[in-house]
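For the record, the sequence lines run as chains A and B.
First residue of the first sequence? That's 1 in my numbering, and the numbers climb one at a time after it.
First residue of the second sequence? That's 1001 in my numbering, and the numbers climb one at a time after it.
Keep in mind the hints are simulated off the structure, nothing from the lab.
It cannot be assumed that every hint is accurate.
Calculated pairs, SDA-like style, for lysine to any residue (alpha carbon to alpha carbon, straight line, at most 25 angstroms) [what the hints assert, rightly or not]:
id, chain 1, residue 1, chain 2, residue 2
1, A, Lys229, B, Glu1027
2, B, Lys1159, B, Lys1229
3, B, Lys1264, A, Arg136
4, B, Lys1238, A, Asn262
5, A, Lys232, B, Glu1027
6, A, Lys229, B, Lys1051
7, B, Lys1108, A, Val183
8, B, Lys1229, A, Asp25
9, B, Lys1229, A, Ile147
10, B, Lys1264, A, Phe134
11, B, Lys1264, A, Gly230
12, A, Lys264, B, Lys1264
13, B, Lys1009, B, Lys1037
14, A, Lys229, B, Ser1284
15, A, Lys232, B, Ser1280
16, B, Lys1232, A, Asp25
17, A, Lys232, B, Asp1283
18, A, Lys229, B, Asn1262
19, A, Lys229, B, Glu1030
20, B, Lys1232, A, Ala282
21, A, Lys9, A, Val299
22, B, Lys1059, A, Leu224
Chain by chain, the residues run as shown.
2 protein chains.
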Amino acid sequence: MLLDSLIDKATQFERMTVAVAAAEDEEVIEAIIGALKQDLAKFLLFGDERKILRLIKEKSPAFEKDERLSIVHAESEISAAENAVRSVSNNEASVLMKGNIPTAVLLKAVLNKEYGLRAGSVLSHTAVFEVPGFDRFTIITDAGMNIAPDLEQKAQIVKNAVSIARAIGIENPKVAPLAAVEVINPAMQATMDAAALTMMNRHGQINGCVIDGPLALDNAVSSLAAEHKGIKSEVAGKADILLVPTIEVGNTLYKSLIYFANAKVGAVIAGAKAPIVLTSRADSAQSKLYSLALAICSVSK
Amino acid sequence: MLLDSLIDKATQFERMTVAVAAAEDEEVIEAIIGALKQDLAKFLLFGDERKILRLIKEKSPAFEKDERLSIVHAESEISAAENAVRSVSNNEASVLMKGNIPTAVLLKAVLNKEYGLRAGSVLSHTAVFEVPGFDRFTIITDAGMNIAPDLEQKAQIVKNAVSIARAIGIENPKVAPLAAVEVINPAMQATMDAAALTMMNRHGQINGCVIDGPLALDNAVSSLAAEHKGIKSEVAGKADILLVPTIEVGNTLYKSLIYFANAKVGAVIAGAKAPIVLTSRADSAQSKLYSLALAICSVSK
Chain A
1 MLLDSLIDKA TQFERMTVAV AAAEDEEVIE AIIGALKQDL AKFLLFGDER
51 KILRLIKEKS PAFEKDERLS IVHAESEISA AENAVRSVSN NEASVLMKGN
101 IPTAVLLKAV LNKEYGLRAG SVLSHTAVFE VPGFDRFTII TDAGMNIAPD
151 LEQKAQIVKN AVSIARAIGI ENPKVAPLAA VEVINPAMQA TMDAAALTMM
201 NRHGQINGCV IDGPLALDNA VSSLAAEHKG IKSEVAGKAD ILLVPTIEVG
251 NTLYKSLIYF ANAKVGAVIA GAKAPIVLTS RADSAQSKLY SLALAICSVS
301 K
Chain B
1001 MLLDSLIDKA TQFERMTVAV AAAEDEEVIE AIIGALKQDL AKFLLFGDER
1051 KILRLIKEKS PAFEKDERLS IVHAESEISA AENAVRSVSN NEASVLMKGN
1101 IPTAVLLKAV LNKEYGLRAG SVLSHTAVFE VPGFDRFTII TDAGMNIAPD
1151 LEQKAQIVKN AVSIARAIGI ENPKVAPLAA VEVINPAMQA TMDAAALTMM
1201 NRHGQINGCV IDGPLALDNA VSSLAAEHKG IKSEVAGKAD ILLVPTIEVG
1251 NTLYKSLIYF ANAKVGAVIA GAKAPIVLTS RADSAQSKLY SLALAICSVS
1301 K
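Take the sequences, apply the hints, and build the full model.
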């Protein structure tokens, strides 16, 4: 599957609004202009109005008076974060996007009990990859937020990823909890949790997907490898979602796909009332666009 | 760098002897015949003589009476393992190779206090990758033996990998202890250990290499990524050795390179008096050959 198909899909919905917290940033403005060129969304830009206007003028003066852009001045980054989050709570916007503020500042507003966007118990990073040579998306979670999730957190991370998978058209996603081996070994917590998650799925505690693990990466993604090893599983060789045991596994796999396998990616933070786009400076412009498209598709599920 | 260059290098040495523990296995015999075709080594095959002879005859009758093959009958797999290890202790062979026995059985013989091959404190899996698009080898350790090594074990794993790196011509290898981030965070043990290893290198406790970390994978292997993030480091973007924090990271990265990035690999167990080749059924014939060549180069350092 191609990530470009998410952009096509996102443009077919009625135009949604993305609230950007602290939009006064060169790369954020570039991403927004890129999205406007594809007519992906409308934007509500919270932050330093003068700086935002200047950046738009510098980058692409044609968009200075674009009706799809509204700017709401904020005196500080905290106030930009709060007001962006409130605009989503109030249904003025459907997607939240981080601008030029630390992630912690944005998440504090997201988790605010009064006006925040809390839904389930865990926010989690969910990344959708287009890997050259693979005819399906590969969803990896959590490569960016939860350091060493326990079983309860892993269950919620899977649920969050399943909702994203369904939003992009994978009806009953196959979930592989990854480990280094397929045997259950109490010295390897990843294998214990994988076995527990598999049984939680069979006993109706995690629904809308098929979980089977532990699986090592080869047997999760390659039917040939799984066959060669004699593994019989509905998930082996066909995993849509790879649940990693720790942030180190996720981060390393994520970057291996980008830097060694030339994969493309879009990612959102799932688990709040609205999808959150947390692009970082290291992301390519294309990746930022894919993340926005993924977020928009995730709203309209 | 191409792994084929290791085969060229290995064939330039005086022909060495590889002791194979329990050679009565189709894929092991195939690997041995492949090595003989390249004139990589001589082989001392321990195991069930009749089965071994039958397999050679089936696979490639031309090698049935090859003078580079000697068979020593063993009544059991334990005795095959013991005798293969003894032949290395006695300097009849320079490399040990696992055949059709469980890894645990072979390692028990390797670790025997009387005739075993103990050297340093830790045996570790060291894999040398040829990644398409990269002009240097990428060495990953430990993706196969140590589950969650502590700092002392990590130090030894690095030393083992450095000896392999030097054996294949990387004089002063750059070592990146991987983590999910570059900041030191006590909630992430990988970052703490990476910082400690870096300082152990600066204070002369780990020599013959340059260690700098923690580094996330992107900043370890891509100069562009490191530059973009403003990271100043002798290792960033140019790492020869990637030290992974846990077996899950190593195993997943290893398989990501094979299955997503079409990389090639050869691997040995380092840290004993002789290199040990532990090929598995899942390895390609080519990978088994590279592992043998890597082992031979590691002896002749």
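Consistency of the hints with the structure:
Of the supplied pair hints, the one linking Lys229(A) and Glu1027(B) holds, its CA atoms being roughly 14 angstroms apart against a limit of 25 angstroms. A threshold of 25 angstroms between alpha carbons decides the hint, and for Lys1159(B) with Lys1229(B) the separation of about 29 angstroms lies outside it, so the pair is violated. Restraint check for Lys1264(B) and Arg136(A): satisfied, since their Cα atoms lie roughly 24 angstroms apart, inside the 25 angstroms limit. A distance of roughly 18 angstroms separates the Cα atoms of Lys1238(B) and Asn262(A); the hinted pair therefore holds under the 25 angstroms criterion.
For the hint linking Lys232(A) to Glu1027(B), the alpha-carbon distance of about 23 angstroms falls within 25 angstroms, and the restraint holds. At most 25 angstroms may separate the alpha-carbon atoms for a hinted pair to count; Lys229(A) and Lys1051(B) meet this at roughly 23 angstroms. A distance of roughly 21 angstroms separates the Cα atoms of Lys1108(B) and Val183(A); the hinted pair therefore holds under the 25 angstroms criterion. This hinted pair checks out: Lys1229(B) and Asp25(A) have alpha carbons roughly 16 angstroms apart, not beyond 25 angstroms.
For the hint linking Lys1229(B) to Ile147(A), the alpha-carbon distance of about 22 angstroms falls within 25 angstroms, and the restraint holds. For the suggested pair Lys1264(B) and Phe134(A), the alpha carbons sit about 19 angstroms apart, so the restraint of at most 25 angstroms is met. A hinted pair counts as satisfied when its Cα atoms are at most 25 angstroms apart, and Lys1264(B) with Gly230(A) qualifies at roughly 23 angstroms. As the CA atoms of Lys264(A) and Lys1264(B) are separated by approximately 22 angstroms, the hinted pair is consistent with the 25 angstroms bound.
About 15 angstroms separates the Cα atoms of Lys1009(B) and Lys1037(B), which keeps this hinted pair within 25 angstroms; it holds. Of the supplied pair hints, the one linking Lys229(A) and Ser1284(B) holds, its CA atoms being roughly 13 angstroms apart against a limit of 25 angstroms. At roughly 19 angstroms between alpha-carbon atoms, Lys232(A) and Ser1280(B) fall within 25 angstroms of each other, so this suggested pair holds. Simply put, Lys1232(B) and Asp25(A) have alpha-carbon atoms about 24 angstroms apart, close enough for the 25 angstroms limit, and the pair holds.
Simply put, Lys232(A) and Asp1283(B) have alpha-carbon atoms about 20 angstroms apart, close enough for the 25 angstroms limit, and the pair holds. With a C-alpha separation of about 20 angstroms, the suggested pairing of Lys229(A) with Asn1262(B) holds against the 25 angstroms cut-off. Distance check on the hinted pair: Lys229(A) and Glu1030(B) sit about 18 angstroms apart at the alpha-carbon level, within 25 angstroms; holds. A distance of roughly 16 angstroms separates the Cα atoms of Lys1232(B) and Ala282(A); the hinted pair therefore holds under the 25 angstroms criterion.
Between the alpha carbons of Lys9(A) and Val299(A) the distance comes to roughly 12 angstroms, so the proposed pair stays at or under 25 angstroms and holds. Only pairs whose Cα atoms come within 25 angstroms are accepted, and Lys1059(B) paired with Leu224(A) is accepted, the gap being roughly 23 angstroms.
The structure fails hint 2 only (numbered hints given earlier).
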